[in-house]
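Participant: These are the residues of each chain, in order.
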Amino acid sequence: MTTPSATIQPPPLLAEIIESQRQRRRWFRGQFALVWVALVGALLAALWATDNIDTEWMVTWAPFIVGGAGTTILVCVISIVLATLLAIFGAIARMSSNAILFAISSLYVSLVRGTPLLVQIYFIFFALPQMGIRLDAVPAGILALSFNYGAYMTEIFRAGIQAVPGGQREAAQALGMPEALVMRRVVLPQAVRIVIPAIGNDFIAMIKDSALISTIAVQELLWRAQRAGTRDFKTLQALLIAAAVYWLLTIIFSYFQDRLEQRMARGDR
Amino acid sequence: MFNMRRLALLPAAALILAACQSGSGESPDASASADASANPTESGHGMADVPNVVCVGEATTYLDWLAGDLAISEADPIEEPSDAGNPDDLLALIKERGEIRVSTDPNYAPQSFVEPDGSFVGFDIDVATEIAERLGVDVKFETPDWDAITAGNWSERWDISVGSMTITEDRKEILSFTQPYYYTPAQLAASTASGVTGVEDLPFELPGGAEATTLPTDANCAEAIRAGREEFALWISSSTTVQGAIDEGVPIIAVGDPVFAEPLSVAIDKSGPPHDELLYEINNIIGEMHDDGTLTELSNEWYGLDLTEGTASSE
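Chain order of the listed sequences is Z and E. The numbering of the first sequence is my numbering, which starts it at 1002 and goes up by one. The numbering of the second sequence is my numbering, which starts it at 107 and goes up by one.
Check the hints yourself; a few may be wrong.
Stated by the list, open to error - Facing chain E, according to a computed beta carbon distance under 8 Å, are these residues of chain Z, among others:
| no. | residue |
| --- | --- |
| 1 | Phe1065 |
| 2 | Phe1090 |
| 3 | Ala1094 |
| 4 | Arg1095 |
| 5 | Asn1099 |
| 6 | Gln1131 |
| 7 | Thr1216 |
| 8 | Thr1231 |
| 9 | Arg1232 |
As the list claims (entries may be wrong) - Reference listing, derived: stretches of chain E covered by chain Z, where coverage requires no fewer than 3 residues with Cβ under 8 Å from a Cβ of chain Z:
| no. | stretch |
| --- | --- |
| 10 | 222 to 236 |
| 11 | 314 to 320 |
| 12 | 327 to 339 |
| 13 | 395 to 403 |
Calculated from the structure, these hints are not laboratory results. C-beta: ideal position from N, C-alpha, C; glycine also.
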């Protein structure tokens, strides 16, 4: 009875196990989706029950509010790039044997991590002009976010650089590479791979923190939501739209971050 | 096993939450019943049991009024500058640029607010546009927060404020004001749930007898009341904003007559470039707009009534 094709099929017992595992996974996913739908549905129902939700208003204003997401993303992308550059220099200085560099970068990290981001934003927008440095709202917001995140990422990069096995550096030095080249060609590329998941994490956190720059009139998501909401006494609805967009953005970027992380992990052999 | 233990935490958390809820929920009831038992002998007008707190939307004039030290002022007389044609004057800079930058916080309907397409509209926007037109330049709107505008030190981010700003003694130290382009009455409002129908229902004197709580903008006060926050039974704002909230279905009523009238003017930062000529020019333009009926027309359009005639400010 046995045909040649049957021979490459797994034995019945194994097939059963695989099938039951598959079923269990499907069941798990089904439950997961069900719980999400139920909870989000309950949340929305509770909001609807307040009798304060004007869907027509939300439809009218959604395009205006959602349009702020472009500014949010633009500001965050530029800021994360600048923050990464700041962090690389910060980390190198923080591990330097040069006392001055070490002192500067330590002060930077301590100062930024020791003060609220909102205070830093106000300072850059309101106080700097009195010292003769006047930045428009968007550049001021970008500066504040990159300055702030640069400090946190300095520590990430320091950890990343220290995580590169010492043998790598020694081997490069043994080949006669100068210190700077060792850092640039051997250590940093490996460190970057280690810290990329953390950068992705920070980017997602920054998307939410960028709401703070609405206070200096950067017309991003929250700014638009607040202006639209106060106009018609509909702040709740406006914030609902903004919250949904922030959530969606973090879900999207988290997905890409997961993919990136898996890809990076593939290199570890 | 591990999962089970975590699950066991849930009911515990729920219990704690419930305990907090009932704890905070009980105190107002308790105080209400205590007041009720103390009050039954009182006759005539039932004093409403409202907290002596008035909600204010980031408007310092209302805060000053509540504290009892509002000093509404008049614009200083503006004389024709002697050195006309000064190339350093803000007027010359604006003409050269071909554009006047006007600050407006689009957070205050119907003065200044956003449309779904992102454009700004409102009474102040129209007045600013008209001023720019009569100056022969384009208008560009900057949108800082209101308190950044009233604080002065604009760092030349914008040239003038056309933002329904009240002239006060304090502000005159840092800003130059033109003659008023209109006047809004300040209006006290109360939530309908509070039972307050007139000033005589208030168990305290105003100004002086109540504290202020500030929220980011006027509209937030109305929304806090609509959301059922009992600590915000009272609200003070411009009569036009109060009416706007009532029209939107916010459960409030206007309490008593307007408490004071605010003269509202165009302002220029004193810490900026010299601006004698600009101030003189804009002051003249506002005079013309009063005379030819432009301001009356705009006021009727946005507020449904003529607010350009200064009712003598009561204070």
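Participant: Now, for every hint given, state plainly whether the structure supports it.
Facilitator: Checked hints:
1. The interface hint given for Phe1065 (chain Z) holds, since its Cβ lies 5 Å from the closest Cβ of chain E, which is under the 8 Å cut-off.
2. Below 8 Å, beta-carbon pairs count as interface contacts, and Phe1090 (chain Z) has none with chain E, the closest being about 29 Å; its hint is therefore violated.
3. Proximity of Ala1094 (chain Z) to chain E is violated relative to the hint, the smallest CB-CB distance being about 32 Å (cut-off 8 Å).
4. Look at Arg1095 (chain Z): its Cβ only gets to about 34 Å from chain E, farther than 8 Å, so that hint breaks.
5. Below 8 Å, beta-carbon pairs count as interface contacts, and Asn1099 (chain Z) has none with chain E, the closest being about 37 Å; its hint is therefore violated.
6. With a cut of 8 Å, the hint placing Gln1131 (chain Z) at the interface with chain E holds, because the nearest CB-to-CB distance is about 7 Å.
7. Annotation: interface hint on Thr1216 (chain Z) holds; nearest CB of chain E at approximately 7 Å, less than 8 Å.
8. Of the supplied interface hints, the one on Thr1231 (chain Z) holds, with its beta-carbon coming within about 4 Å of a beta-carbon of chain E, less than 8 Å.
9. Using the Cβ-Cβ criterion of 8 Å, the hint placing Arg1232 (chain Z) at the interface with chain E is satisfied: the shortest such distance is roughly 4 Å.
10. Counting residues of the stretch 222 to 236 of chain E whose CB lies closer than 8 Å to any CB of chain Z gives 3, which reaches the minimum of 3, so the coverage claim holds.
11. Judged by the Cβ-Cβ criterion of 8 Å, the stretch 314 to 320 of chain E is not covered by chain Z as claimed, because only 0 of its residues qualify and three are needed.
12. Closer than 8 Å: that is the beta-carbon criterion, and the stretch 327 to 339 of chain E has 4 residues meeting it against chain Z, so the requirement of 3 holds.
13. Figure legend: the stretch 395 to 403 of chain E, annotated as covered by chain Z; annotation inconsistent (0 residues with Cβ-Cβ distances under 8 Å, at least 3 required).
When held up to the earlier numbered hints, the structure conflicts with 2, 3, 4, 5, 11 and 13 and fits the remainder.
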